[in-house]
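Novice: Take a look at the letters that make up each chain.
Protein chains: 2
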Amino acid sequence: MRILYHQPLSPFSRKVRLALKEKGLDFELRVERVWERRPEFLALNPAGQVPVMVEPDGKPYADSMAIVEFLDEVYPDRRLIGFDPESRAETRRLVAWFDQKFYAEVTLNLVFEKVNKRFYGLGNPDSGAIRVGKQLIGVHLDYIAELSERRRWLAGDEFGLADIAAASHLSCIDYLGDVPWDAHPRAKDWYVRVKSRPSFRPLLGDHVAGMPPPPQYADLDF
Amino acid sequence: MRILYHQPLSPFSRKVRLALKEKGLDFELRVERVWERRPEFLALNPAGQVPVMVEPDGKPYADSMAIVEFLDEVYPDRRLIGFDPESRAETRRLVAWFDQKFYAEVTLNLVFEKVNKRFYGLGNPDSGAIRVGKQLIGVHLDYIAELSERRRWLAGDEFGLADIAAASHLSCIDYLGDVPWDAHPRAKDWYVRVKSRPSFRPLLGDHVAGMPPPPQYADLDF
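Protein chains in written order, with UniProt numbering: chain V, 1 to 222; chain P, 1 to 222.
Honestly, the hints are just simulated from the structure, not real lab data.
Remember, predicted model here, so these are calculated numbers, not experimental data.
Warning: the hint list may mix true and false statements.
Remember, identical chains collapse to one label, so a pair may be satisfied in a single copy or spanning two.
Straight-line alpha carbon distances no greater than 25 Å define the calculated DSS-like cross-link-like pairs of lysine-lysine that follow [what the hints assert, rightly or not]:
hint, residue 1, residue 2
1, K188, K134
2, K101, K188
3, K117, K101
4, K23, K114
5, K134, K23
6, K59, K101
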């Protein structure tokens, strides 16, 4: 059986979970307390980060994008990165937008401050960082609105990895109740469509100990 | 003619320059002062970052990894990412290692502090950050040594994008004279081999105004 080591509020883990589900591939999910730096886990991924996927033949794969590219090559039935080089470049550009820009400007300022810092024993959330994250998320919701006005999904007419990457980050912020959906109705329309996909359902059941999500987190009609 | 917008000490720009040269593809290099946020440049890449490649048909491509994946798909003659899914996953894992982990731990602490901060008008270098960067680079040089003991090049027996990504970051740090080569002879052996490739030569001629490189930067026998 394929194993995926993850953390519930790691957007990179969520990206791989969604990709596996969209492709209809089975896997067993294991929570990895990355902050414990378990030697057996470091042997699978010296970077010490989730996600790590171990294929049924025992081979480990690390880095969320390397994993999804691998899955799209080995299981091409339900392509997530696109078909022609130009649309694949656009998908990868947008994945990088969310995994790098959104991550640095929003995810780190909100999820890292409010959740991970506690596990790493790094003290209290920095209220300045949280303010910055809440301010910058608006730019990204506007960009999602702009893209989904021009196209059916973020990178083109097909649902794909750009939508998965964006929703992976946003769903973590949504778990904290920090997405101002009401001020961004067009981005919300896109998220409603992503959230109602069967692949998304397991994420809506995630729970972090001592930190329950707000009621609308799992609500498809929020 | 293909155009590449870049910055001399942007490791991500260097990655694309090296990839284009390795593939024997012609391009015109244009320096983009990203901190000026030129509207015409933002129209090419709303993230406002280099590199941006404009193909001869006028289509812009952004994000260094999306660009190199595109080049490897459209010009497959000299493959840089690998041939089978497993070796491609290993190349991508290592590219992510350098573009994310090395970047956050070393490049940002040294290149951003010493060079970019000045252009962005963000004040003086933070000596604490510089100390952290100089301390953490050793871990990465050890990792390069470990990989190149097991394999001819970082990701396998063929020179490829993992070597290019690692050398792109290290060459920027080397421009500042901050790589402790003498303490890491095995990593140096690998870098000597990369540095002597014809694709690398143009990088050794780079100059940042008011900040000349140390003599050994362009020296193949350093």
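Novice: Each of the hints needs a verdict: does it hold here or not?
Specialist: Outcome of the hint check:
no.: 1; hint: K188 to K134; verdict: within (16 Å within a copy, 44 Å between copies)
no.: 2; hint: K101 to K188; verdict: within (20 Å within a copy, 33 Å between copies)
no.: 3; hint: K117 to K101; verdict: both (20 Å within a copy, 18 Å between copies)
no.: 4; hint: K23 to K114; verdict: neither (32 Å within a copy, 46 Å between copies)
no.: 5; hint: K134 to K23; verdict: neither (33 Å within a copy, 43 Å between copies)
no.: 6; hint: K59 to K101; verdict: between (31 Å within a copy, 22 Å between copies)
This entry does not satisfy hints 4 and 5, going by the numbered hints stated previously.
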